[in-house]
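Take a look at the letters that make up each chain.
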Amino acid sequence: MAKSIAGPEIERLIQLLAKLPGLGPRSARRAALHLVKKREPILRPLTAAMADALEKVGECSVCGNIDTSDPCTICRDPARDQSVVVVVEDVSDLWALERAKALNAAYHVLGGVLSPLEGIGPEDLTIRQLVERVSKGEVKELVIAVNATVEGQTTAHYLMDQLEGLDVRATRLAHGVPVGGELDYLDEGTLSAAMRSRTAL
Amino acid sequence: MEWREEGVVLGVRRHGETSVIAELMTRSRGRHLGLVRGGRSKAMRPVLQPGNSVMAHWRARLDEHMGAFALEPVASRAGGLMESTVGLHGVQLAASHLRLLAERDPHPRLYDGLIVLIENLNADRLTAGELMLRFELAVLEELGFGLDLARCAASGTKEDLVYVSPKSGRAVSREPGEPYHDKLLALPAFLTDTDRAADGETLRTGFTLTRYFLSRHVYEPRGLDEPHSRTSFISAACASG
Chain E
1 MAKSIAGPEI ERLIQLLAKL PGLGPRSARR AALHLVKKRE PILRPLTAAM
51 ADALEKVGEC SVCGNIDTSD PCTICRDPAR DQSVVVVVED VSDLWALERA
101 KALNAAYHVL GGVLSPLEGI GPEDLTIRQL VERVSKGEVK ELVIAVNATV
151 EGQTTAHYLM DQLEGLDVRA TRLAHGVPVG GELDYLDEGT LSAAMRSRTA
201 L
Chain A
1 MEWREEGVVL GVRRHGETSV IAELMTRSRG RHLGLVRGGR SKAMRPVLQP
51 GNSVMAHWRA RLDEHMGAFA LEPVASRAGG LMESTVGLHG VQLAASHLRL
101 LAERDPHPRL YDGLIVLIEN LNADRLTAGE LMLRFELAVL EELGFGLDLA
151 RCAASGTKED LVYVSPKSGR AVSREPGEPY HDKLLALPAF LTDTDRAADG
201 ETLRTGFTLT RYFLSRHVYE PRGLDEPHSR TSFISAACAS G
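For the protein sequence lines, the chains are E and A, in the order given.
Per full-length UniProt numbering, the first sequence runs over residues 1 to 201.
Per full-length UniProt numbering, the second sequence runs over residues 1 to 241.
By construction, these hints were calculated from the structure, which means they are not laboratory data.
It is possible that part of the hints are untrue.
To be verified - FRET-style restraints, in silico, Cβ to Cβ:
| # | chain 1 | residue 1 | chain 2 | residue 2 | range |
| --- | --- | --- | --- | --- | --- |
| 1 | E | G137 | A | H65 | 55 to 63 Å |
| 2 | A | T127 | E | G137 | 37 to 45 Å |
| 3 | E | L103 | A | H65 | 46 to 54 Å |
| 4 | A | A70 | E | P78 | 51 to 59 Å |
| 5 | A | L224 | E | K19 | 31 to 39 Å |
| 6 | A | S235 | E | L43 | 54 to 62 Å |
| 7 | A | R13 | E | L16 | 20 to 28 Å |
| 8 | A | T231 | E | T68 | 34 to 42 Å |
| 9 | A | T231 | E | G137 | 22 to 30 Å |
| 10 | E | D77 | A | D199 | 50 to 58 Å |
Every value quoted in this text rests on a predicted model; they were computed, and no experiment measured them.
Note that CB positions come from ideal geometry on N, CA and C, so glycine has one too.
Given the sequences, and given the hints that come with them, work out the whole structure.
Structure follows, in structure tokens:
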């Protein structure tokens, strides 16, 4: 067993930081050292911010977004078209679409995609909650914005099966050439999808 | 230890932040798993979609280790499969069936069947449905629970086979089966007569037949539920119109 070089408090801080995405044991050690050195300008406000987040941040009971209020800021925003709901896999996708300011609509976070290999079935996702939301009759359009993967699209098709019989228009994101993408470097699947979805110039 | 062989991607599981564990079906090494470093990169994600064929170079220090794959794309089918419900649920269902096999156990017949199936999942829904049904029969056979549909278990005739015994899995012709018709399973004609084409109704009958034997011999003894992709695939392939 490796010999401890710092007190148990610092070792614990390093171990916890190492669990964060993008940080391994070595970078966690660097981050811990930095935090301890910058006690007042970083460590104290960070501790307060984390305590605040722990206390106040929760999941929106309407859409599954994370925010400090329930319903979340997006669901409460009167300027948004609440009749259009963008269905995303995860909160990070919601944030990406919000950054792009792509559509002034409401959201629904599924919490993942159907994945037999990872043991994720329909009951692990918020599909039932989405069907209930649509059943109320206020949603006119669902934009299925799941990833262009086999698992993402299978989830989209499963979702459409569950929504059968409900009066809602369903659309999905286009598949094709990304901005700045070079045809030579694209895979055949993307190229053929882009060719099938070609538009008039 | 190392080998090089073509395989079909069945699925991937996240491993750490940048890598994945890929599950491939190969002809001579069966269902094989391996680590793909950088498998979550922008370049590798399109390659690692179910249904795509890859050239796999597997390396490990010992044979019993999981090992690591270096993969190169051979055929990209996932983009086309994503265009239809039958294609999407079909590739997921085929992968679910192949997961019933033991790892590294070669099943060349199923590998060949898988290639034919995924190449034709976007052809037309009835063809895809019939191929899937025959694939399920092949899976049952490879697992040791094959049905004997060649001749009648009672009379030995090859004609007018319309039932299957739920006990023995053997075909039964109309006349000896008639007194027990409510206890026997229906056998769709296109499974024994290649001149007969499948339609939505007979396909459903066929899937009811394979469901019975899959549940009895595979799902129930292993405590598994029928995959939801099977229900979705059958609905899409057997839909009217």
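We went through each hint and held it up to the structure:
no.	hint	verdict
1	G137(E) / H65(A): 55 to 63 Å	56 Å, holds
2	T127(A) / G137(E): 37 to 45 Å	40 Å, holds
3	L103(E) / H65(A): 46 to 54 Å	48 Å, holds
4	A70(A) / P78(E): 51 to 59 Å	54 Å, holds
5	L224(A) / K19(E): 31 to 39 Å	33 Å, holds
6	S235(A) / L43(E): 54 to 62 Å	57 Å, holds
7	R13(A) / L16(E): 20 to 28 Å	25 Å, holds
8	T231(A) / T68(E): 34 to 42 Å	40 Å, holds
9	T231(A) / G137(E): 22 to 30 Å	27 Å, holds
10	D77(E) / D199(A): 50 to 58 Å	51 Å, holds
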